[in-house]
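S.K.: Chains W and X supply the protein sequences, listed in that same order. Counted from 1, the first sequence has number 262 at position 262 by this note's numbering; the numbering is strictly sequential. Adding 1000 to a residue's 1-based position in the second sequence gives its number in this note's numbering.
One or more of the hints may lead you astray.
DEER-style ranges, computed between Cβ atoms [said to hold, decoys possible]:
| no. | chain 1 | residue 1 | chain 2 | residue 2 | range |
| --- | --- | --- | --- | --- | --- |
| 1 | X | 1059 | W | 28 | 15 to 25 Å |
| 2 | X | 1177 | W | 46 | 53 to 63 Å |
| 3 | X | 1185 | W | 97 | 32 to 42 Å |
| 4 | X | 1265 | W | 48 | 13 to 23 Å |
| 5 | X | 1045 | W | 63 | 35 to 45 Å |
| 6 | X | 1193 | W | 252 | 22 to 32 Å |
| 7 | W | 21 | X | 1067 | 18 to 28 Å |
| 8 | W | 14 | X | 1140 | 39 to 49 Å |
Worth flagging that the hints you see were computed from the coordinates, not collected in a lab. Beta carbons: idealized from backbone N, C-alpha and C, even for Gly.
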Amino acid sequence: MGNENRIINILLKVHIALCLLFIFAPIAGSFVFSLNSDRFPSLPLGEFSTEWYRLIWEDPLVWSGFANTLIVGLTVAVIATALGFGGAYTDFRYNFFGKSFYLALALLPPTIPVVIMGLAMLAFLSRVNLSGTTISVIIAHGVMCSPFAMAIIRLRLSQMDPDLEAASWNMGGNQWQTLRHVIIPFTKPAIFAALFITMAVSFDEFAVAWFVSGLNETLPVKILGFLQGQVSPRINAIGSLAFISSMTLIILAQLLLRNPEEPKS
Amino acid sequence: MNRRPTLFSLIMAMPLLVWQLAFFLFPLLFLVAISFWTVRNFQMQPDLSFANWERILSRGVFWDAYLRTIVLSTAAAVITSLIAFPASYAISFKMGEKAKRWMIFILIIPFFTSYLVRVYSLQVFLSDAGIVNAALSYLGLGPFSMLNNAFGILVGMVTLTLPLVILLQTFSMNFINRDLIEAAHNLRCGRLRTVFAVIIPSAKVGLVVAALFAFILSFGDFVSPLYLGGGNPPTLSIMITDITKSGQQWPRAAVVAIMMIVTLMTVAFSAISYAYREKGK
């Protein structure tokens, strides 16, 4: 390309930097505000303070919310990954009548607006007397998270040599043995990545959980409550901690997907 | 391989199917059903009544909110696409493989941060005595009113959708054959003309899909309109949360929800057929 223009290239770089600033300023801001003594932070910033962290540490409601989030997140991760694994393998291995319907049903939930999902879930679950329970949040999050698990595992399966499975059958392995000794070892990094990613999605989901959770609020629903009530920088403190835990999960997932060759078991 | 489904294949395929039928499709169909139900003595009762539909669709408040929601989310989709395009172009065409992968990783991060926390943080940035106005006052500007109006809502929606739109646009541009661009340059096609004559048509499907996702996300978002826009006058999603949380009038909320789904499906269908139809020309 002969006509590279240096000024345009610099402008493009500046533009990317501005986009990133715009995207990450609220996230970084929340960290800074969480360690700031001001209730309404502005320039110049107030002094350093861990007051907000102390307040959430001492708040039993935050702890019960945290416990709910953890229970929901762990359960959802296992359920969504198991469902997603089955779906991914089905898509990888089989062709059948109605497959596009199957795939649409499996992958569409993230495109439905959360308020509508929330209302539909609430109406349905209260009809079967499940609304307001932790189980209802698990059911709803299972629907919303399994597409992510399925996509991650499906991508990994598409990297597999299809002959590998056939080879295993030829050598006398039945489908179960092939699943156990060929498919699962090969997809293991993706399975763990799916567990972490779905957990992270569930950790941050507030809207549907808000509709169906009743009194068994997860932490993000608590934050929504704080937002509706008085302004409180406690949100920043909780948000910063949640960010750190989500990031840990994402980085673990990323590492697993990066070096899939390593854990040969 | 074999005609009849084996036990193995059923065990793999069925759990997801059953789960999504029971807890995804069925609740959505149930939502359609309850839009015809009636509420008596604070109890929903099965019925086949069009009263909810008449009540919602005959009211100006609903149509105002409908129009407002469409305008806001269209604006968000257009603005986000325009902001994202130069960034995606630069990532796709100006960056090395390693830098590209880092950018993609960085842009995935916001998906796993709490949108609520980001919106709360934006309140602090945008309020009348907030960070942005304080910074502007050093320059002798402002203060500008950036909260509780359309500007605040759009900032929130762009924050929500920008990373996804950049990612989708970048992916679609990564698929463009580099020889095409080389050829355009060899034919003395200028930079800007290359963008409009080669890159945008080649990446069209991806660009439309990215804008569509921005529209869908903004259309259903109730957090920005509520906490950055002030919530009044309401958007459709605020209407749903208000109606649902303030009592037993779920059938009316269901009517609003169905109108939203129908709108989204129409928009998605037309956007996608537009993206593919023009491509063959």
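S.K.: Against this structure, judge whether each hint is valid.
M.R.: Against the structure, the hints come out as follows:
At roughly 43 Å, the beta-carbon separation of residue 1059 of chain X and residue 28 of chain W lies outside the given 15 to 25 Å, and the hint is violated. Between residue 1177 of chain X and residue 46 of chain W the CB atoms are about 55 Å apart, so this pair conforms to the stated range of 53 to 63 Å. Judged by the Cβ atoms, the range 32 to 42 Å given for residue 1185 of chain X and residue 97 of chain W is violated: they are separated by roughly 49 Å. In this structure the supplied range 13 to 23 Å is violated for residue 1265 of chain X paired with residue 48 of chain W, their Cβ-Cβ distance being about 51 Å.
At about 41 Å, the beta-carbon gap between residue 1045 of chain X and residue 63 of chain W stays in the expected band of 35 to 45 Å. Distance hint for residue 1193 of chain X and residue 252 of chain W: a CB-CB separation of about 46 Å, inconsistent with the stated range 22 to 32 Å. Taken as a hint, the range 18 to 28 Å is violated for the pair residue 21 of chain W and residue 1067 of chain X, whose Cβ atoms sit roughly 33 Å apart. Range check, residue 14 of chain W to residue 1140 of chain X: Cβ separation about 24 Å, and the 39 to 49 Å hint is violated.
The structure shown violates the earlier hints numbered 1, 3, 4, 6, 7, 8.
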